[in-house]
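Student: As you go down the protein sequences, you meet chains A and B in turn. At position 86 of the first sequence the residue is numbered 86 (my numbering), and the sequence of numbers has no breaks. At position 60 of the second sequence the residue is numbered 593 (my numbering), and the sequence of numbers has no breaks.
Simulated from the structure, these hints should not be mistaken for lab results. All values reported here derive from a predicted model rather than from experimental measurement. All residues carry an ideal CB built from backbone N, CA and C; glycine is no exception. Do not take every clue at face value.
What the hints assert, rightly or not - Simulated restraints on C-beta separations: (1) PRO501(A) to ARG700(B): 37 to 47 Å; (2) ALA319(A) to LEU687(B): 55 to 65 Å; (3) GLN122(A) to GLY600(B): 15 to 25 Å; (4) PHE701(B) to GLY523(A): 23 to 33 Å; (5) GLY600(B) to ILE498(A): 52 to 62 Å; (6) MET524(A) to LYS740(B): 53 to 63 Å; (7) MET780(B) to TRP502(A): 53 to 63 Å; (8) ARG700(B) to ILE421(A): 41 to 51 Å.
What the hints assert, rightly or not - Far from chain A by the CB rule (all over 12 Å, computed), these chain B residues: (9) ILE539; (10) ILE540; (11) PHE586; (12) ALA658; (13) SER663; (14) TYR665; (15) PHE677; (16) LEU680; (17) ALA697; (18) ILE838; (19) PRO841.
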Amino acid sequence: MRGSDIKKNHDKLPQNRLKTGVAYMESLEGKLLDENIEKNIKCLKTIFEKCSDIIFREFVFAQNEQIKLALIYTDGLADKGQVSDQIMRALALEVPMAVPGRVITKAQALEFIKERGLCIHQIKETNKVGEVVNAILSGDTVLLVDGHDTAIINGARGWEARAITDPEAEPTVRGPRESFVESLRVNTSLLRRKIKNPNLKIESFQVGRLSTTDVAIAYLEGVANPAIIKEVKTRIERIKIDAILETGYIEELIEDEPWSPFPTVNHTEKPDRVAAMLLEGRIAIFVDGTPFVLTVPSLMVEFLHASEDYYERFIFTSAVRIVRYLAAFASLVLPSLYIAIVSYHHELLPTALLLSVAAQREKVPYPAFFEVFLMELVFEVLREAGIRLPRPIGQAISIVGALVLGDSAVRAGFVAEATIIVVAFTGISSFTFHYSASISFRLLRFFLMILSGTLGIFGLTIGISAICIHLCGLRSFGVPYLSPVVPTAYSDLKDVVIRAPWWAMVANPRSIPGHNKKRESFGMKPMPPENGE
Amino acid sequence: MLEKEIIDDMQAVFLMVNLVIPTVLLGVPAVTIGFAKRDAWISALLATAAGIFIGRLISSIIEKFPGKTIFEVMEELLGRLFGKIAGALFAWWILHTCSGIAREYGEFLEVAIMPDTPLIIFSVAAIIVSAYAVKSGFEVMARFNILFVLVIILFLLISALSYANARFDRMLPMFETRPQDVLKGALVPLAWMGEIVVFSVFSPALKANCSIRKINDVSVLLIGAFFLVGIMGVLLVFGAEHASAMMYPVYNQVRIISLANFLERLDYLIFMSWAIGGIIKIGIFYFALVIGISWLFGISDYRPIVFPVGIVIASLSMFIHEGVGDELRFLMGTFPFYSIIIFEVGIPLLLWLASIIKGRGHGA
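If we strip away everything but chain A, and leave its shape as in the complex, we get (with noise of 0.2 Å):
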């Protein structure tokens, strides 16, 4: 069919089929539940009508066979062993046991069925048709009684889900090794398990006009700054889509400076790394369906950092930190500064160096600047075809790629071998630090390129100083990207480019603007007893 054809049948589509959607769900909104069973039950049944996940499953009361009972829930989210145990079996068999002699009439039916029928942990009671609809899609169990217009919801959920397993794309040598899942319920219990505060609050909500994603912020009272929490919670609920299939739906819909190449939310699949973000006063994300939990407000130095920076002696993290620094700053102004280098400032390299690039130039058809950005697309192209092709092929890319790609551009004389190390230093450079950092430094670099292809050293120099400019007046959720270091923060400059050893790092960081100031006694510092008592 013709993709006009397909609108004009769309356009002969009954009025009411065509609401099935966002105004379906809140056409519900209001309408409540009857006290004749059988009326609720065709009411949902054409509410579910040729939904086939949908379980009706009717049945009678042990204890007085004229009160009918039906149970309704989605296959696949209920856990079926409690809705056949705890539900249906002392329900329809095991009541009378519990009361034998006694006639529970129709009346008290909704009582008792609570108060001694259920063994569920967890009940809720409602009227509402959408609360009912709601309720079975979100994978509960609903309860329906004759006589009565009030459902009872039992939380017996239960699905399948991935296994929480090592983090994927924030892999650790030292710290723990456990990482977000797709239930949003399972990510709560994950951070819940790191600080055990009633203070750590999760508040819910939901997202989507057809999807009705969950979707939570988590906090520490007393630590993160409330005109924050309220300004992230305006910013959610001020989102009006169809669905959030992922925290980056979120992350678009609510941050700073949209047309920024720089990312001004930060996201981790690390429960341990957004415990320390609460603890330092951000607000945390959750969003059901994806193990990825966006933080704010975010900084330009965190996506620098990584978490074992914490967990490793802070010597060595010092040392590691500047050696992150500069591999980003790398990844940044390498392959600019190799093409300015080569195309006009020439007296910049020492002679024997000079003499051997001018060597490997000499057979190279193509300018510098054409060079790189040439090879450089290479290597945004293979790192792109690492990332989406099967696993068993991954070899297979990484041989074409690296040496026949490599090694056979060099010797057909397309590239200079100079070319080639520039190009695949700053590919690695690349991979040191946060992802979605990393990210704006590659599509950057293309920009800087451009810049010293044309003007050397002071066309980098400029686009440099342009950068800066831009980071300078970004804002995350109103704190400055680039704080601490401008504006200044003395006291937080001890966790930017080295690490203060724990015992040194008294104070909160003060550029997130939260409530609790020190994060530790003073006089931490060790010491072990002299003279080897």
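Here the structure of chain A is known, so what remains is to put chain B in place on it, guided by the hints.
Tutor: Positioned in the frame of chain A, the structure of chain B alone reads:
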């Protein structure tokens, strides 16, 4: 005009420092040494002392009118008509100086690194980046400037390296130059130090409880110290004779550093820091000019006029001087008197007298 843009004391001090030193270090040491020979360091000290006087003059006026730019102070003290005339003159001086800096910026880069590139490319590139900074706001400029302070520290380290080439007997004999020549040598750097008067445009952005006088004092002292380091380095490495014949002696001083067969060609660092420092210096003047013009014509938001003003600065920078010789004659001969007498001391002194006569100031 600068609502909600608040900068702290340190940011203010370093903005003032970078408002002056990029150009002062570039061309001025040669002139000062040309007049004062090996006693140029005395000129530097004299200029600093006089600079403190200018700084205090400005702060004594500005502190009486908290939350007002110098333009608004002019209107308040001199009346509407004369205030606008004085303000227009002041804005002209800022425009003139800003174009001059843009010209100087391009000229140095052309001479030092890229002789084949047309001059206008450098000026326009710098003005575009400055325009971006101006549009982003004063806080952003202050923060960017702090980042650049790291580059100044680098400069100090580089200067330290060049002491390997220094010979201290080049300073001898001391106190040989005639006093009037030493004074002449002090005049040029003083004209540059007096440029801190531009900063009085931004006084509303300062924190409410900070002491402008202290900020001015510290800034002038820092500028003086940097200038002294520059002059001493040049004198010790080249001696007065050679240094006064050079156009950019500090650049040459770094250029000849060669340590351990490895630390060479450090002039690129000077060149890069000049590229950034020039952007900041142009940016501050540019910002002041934009605020002045929007005050002059009663525009409530300065942002729409940023790019038009940038075009004016860029084009003026192209025909302001006929060539390097003309430019040097202006900067060394005319500029000091023109700037100091009218704008850096003249107008502030007038305002100060007016405030004494009127005997008041808001909140003072």
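Student: With reference to the structure, classify each hint as holding or not holding.
Tutor: Each hint, compared with the structure:
With their beta carbons about 46 Å apart, PRO501(A) and ARG700(B) fall inside the hinted range of 37 to 47 Å. At about 22 Å, the beta-carbon gap between ALA319(A) and LEU687(B) misses the expected band of 55 to 65 Å. The beta-carbon spacing between GLN122(A) and GLY600(B), approximately 60 Å, falls outside the hinted interval of 15 to 25 Å. Remark: the range hint 23 to 33 Å for PHE701(B) to GLY523(A) is contradicted by a beta-carbon distance near 49 Å.
Range check, GLY600(B) to ILE498(A): Cβ separation about 40 Å, and the 52 to 62 Å hint is violated. As the Cβ distance of MET524(A) to LYS740(B) is approximately 34 Å, the hint placing it in 53 to 63 Å is violated. Checking the proposed 53 to 63 Å range against MET780(B) and TRP502(A) shows it holds: the Cβ atoms sit about 54 Å from each other. At roughly 42 Å, the beta carbons of ARG700(B) and ILE421(A) sit within the given window of 41 to 51 Å.
The claim that ILE539(B) is not at the interface with chain A is violated, since a C-beta of that chain comes within 12 Å of its own (minimum 10 Å). Consistency note on ILE540(B): stated as away from chain A, yet its beta-carbon is not over 12 Å from all of that chain's, at 8 Å minimum. With a least CB separation of 30 Å from chain A, PHE586(B) remains clear of the 12 Å interface cut-off, as annotated. The Cβ of ALA658(B) sits about 5 Å from the closest Cβ of chain A, inside the 12 Å cut-off, so the non-interface label is violated.
The beta carbon of SER663(B) sits about 9 Å from the closest Cβ of chain A, which is not more than 12 Å, so the claim that it is off the interface is violated. Residue placement check: TYR665(B) does not keep its beta carbon more than 12 Å from all beta carbons of chain A (closest about 6 Å). A beta-carbon of chain A comes within 12 Å of the beta-carbon of PHE677(B); the shortest separation is about 5 Å. With 12 Å as the threshold on Cβ separation, the claim that LEU680(B) sits away from chain A is violated: the shortest Cβ distance comes to roughly 6 Å.
With a least beta-carbon separation of about 19 Å from chain A, ALA697(B) lies farther than 12 Å from that chain, consistent with its non-interface assignment. The beta carbon of ILE838(B) sits about 19 Å from the closest Cβ of chain A, which is more than 12 Å, so the claim that it is off the interface holds. The claim that PRO841(B) lies off the interface holds: its Cβ sits roughly 20 Å from the closest Cβ of chain A, which is beyond the 12 Å cut-off.
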